[in-house]
Amino acid sequence: MEENAIPSIPTIDELKQEISLILQETKKDRESLIPILHKLTQRFGYISSQALYEISAQTSIPLAEVFSVATFYRMLPTQQRGRHVILFCESLPCHVVGGRELFQALKAELQLEPGETSKDQKWTFLTTSCLGVCNFGPVISIDGNIHGHLTPESLPEILNKYE
Amino acid sequence: MKTVRSMVLISNDPKSKANASQEVIAAFKLAIKNLELTDEVAVSTIPEIGTVRNLPLVVIFPEATVYAPVKPEDVPHLVEEHLFKGREVPNLKVKDPDTLRKIAWLTQRKGTLPAENRIVLRNVGIVDPESIDDFFAYEGGQAFATALQMTPELVVEIIKASGLRGRGGAGFPAGIKWDSVRKTPGKKKYVICNADESEPGTFKDRVIMEGDPFSIIEAMLIAAYAIGSDEGYIYIRGEYQLALDRVQIAIQQAREYGGLGKNIFGSGFDFDIHIHAGAGAYICGEETALLESIEGGRGEPRVKPPYPTTSGLWGMPTLINNVETFANIPPIVLNGAQWFKSFGTPSSPGTKVYTILGNVNNTGLIEVPMGITLREVINIYGKGIKGGQFKFAQTGGSSGSIIPASLQDTPMDFDSYRKVGVALGSGALLICNDSNCIVDSVRVLARFFQEECCGKCVPCRVGTDQVWKILTNISEGRGTMEDIAHLEWLSKGLEDFSNCGLGQTAGAPIKNMLDHFRAELEAHIKLSVCPTGVCPMS
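As they're listed, the protein sequences go chains A and B.
Counting in our numbering, the first sequence runs from 0 upward without gaps.
Counting in our numbering, the second sequence runs from 613 upward without gaps.
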């Protein structure tokens, strides 16, 4: 495994600096909490416990509330993820057009169960509700890019494109 | 952006090809070129026309005149008369009444023509969604200008008179909502566009936002003027990145133009819009959960009443409408309530945007008048069932209903569906053929509710989990007859005791299954067999 392969974990100083940068642009009120968490996710890929603590310290929003909001939303992860995040749509529109078979193939191909990250930190495998591109079903999203009309046969080709 | 004044559709299915349709297409292109009409007339083909005699068949829009059968040598005369001089050619028009009946959707059914009578999607695919100048070129802004000439009361009256019902799923009359917010005293009022579209199978709002973001802004301006608000929010689902970008650009351009901000177009009226990006939670489409989320909290629905119309965002009176509802507003203001009522059914006027999905030959997005039937949707727009027979349809995302084949001729509008005990929902039509197992499908729906339940109230948190576990047991061959009684009880309990719409509708698929597919469910338990062979049963 290459040394730079794992997304770097930000140091506390980096976090402090990033959060104060974000707070220069937004207000420190409660309404800004979700936008702040969004920006941190974009920057670091997830929101670490230190980050939650720093947000609380710099905005004066109680830590428990920052934690409760961050853990409520699917797009604000509080756990570190792999280099690529696969979202498998498990809603009915994809399920009836081949999602059932695709799910089994995906699990076998990745050797992962939903919610797991591979040991080499390459993949994090998650299931999701509808992604709103149902006419291309069954779909998966890899790092936000949608791959549609997938079959167990066409799956390896897509996955092999990712390093 | 290039637009055409006429469109020529030529059938090009195998049978038409056998009757020289390729030559007809070539002849059309040549004749159009010779008369220098290339920029004004588009030529397109119909790859599948169904069982129609007299092929090849040619339809010319916007008149929807049908000519059949057309031979290559007829084409130069046809193009010159119809497209150049604007006169129909009677002797080439289709004479066989059978042909006309079979393609009646093209000519006779008012409002189902693809090229005609689009209300919600009128600009989608036509205007440049990133150019406000282009939007103005297509009558953009005229509805708002018209509204400004009226009193706010009159605007509300027009919306009321139009009979427009909310397109988010519940079908609440929009005019009554507007009136209620207008009449509630308050120094500060908010207008919110609910664009947190997360119902499985529904993506109409995404298409509207990506294709016509300015119309949503215009509709919110009209709403703000009518109810007396100066601030609005668009709550867009976090996963919809392109829609977020487009709406952001649209708001920016509108501000630069003076269409948002202080003293809009010199009228003395102030209004501005903020975007709030969702963060991945289905429940935030529930209006009070959406408010909690904008305020920076967990998206947990509030207890109603008070309704947002009296106590909404930060306790202020708030108007919340769905994207599709807003998209109807500018045409209604511009053309009047009577015009709008000429579409659809008396109790549900207007059109509805549906997404057609699942086991049909043609999936996608359609806008049709309220009151069309499922059979028509499947056969005309879906181009028939793919593989096997039609078994059931699932409407309106997870919170809709399972419609058995026996109800496929019920008109699709809010009241007709309510009468037969099903719901229209948010506009998804998932068509399933007989290779799908009802237990498996309902289990997938149950999984969705279990996953997306916010956890605030016990009936929903525990109920959705129980339902999912029982259905998983049944699908794995461990079901008992007591499980059916338990499911019945849970479905009733979810509906009666849950705090918000998610829990209240989570029991609906079970109820539909018990009402219409009980035998199939019992086969899983009594015979330990999944009739379709989908469930693992072990």
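Hints may contain errors.
Just some of the chain A residues that point at chain B, by a computed CB distance under 7 Å [what the hints assert, rightly or not]:
1. Lys-26
2. Arg-29
3. Glu-30
4. Phe-66
5. Val-68
6. Tyr-72
7. Met-74
8. Leu-75
9. Pro-76
10. Gln-79
11. His-94
12. Val-95
13. Leu-125
14. Ser-128
15. Gly-131
When the alpha-carbon atoms are kept at most 27 Å apart in a straight line, the in silico DSS-like pairs for lysine-lysine are as follows [claimed, not checked]:
16. B:Lys-799 - A:Lys-27
17. A:Lys-38 - A:Lys-26
18. B:Lys-1138 - A:Lys-26
19. B:Lys-1104 - B:Lys-1138
Treat the hints as calculated values from the structure; they're not laboratory data.
By construction, the Cβ of each residue, glycine as well, lies at the ideal position given by its N, Cα and C atoms.
Quiz item: Hint numbers the structure violates, sorted upward?
Solution: Hints 1, 4, 9, 10, 13, 18 contradicted; others consistent.
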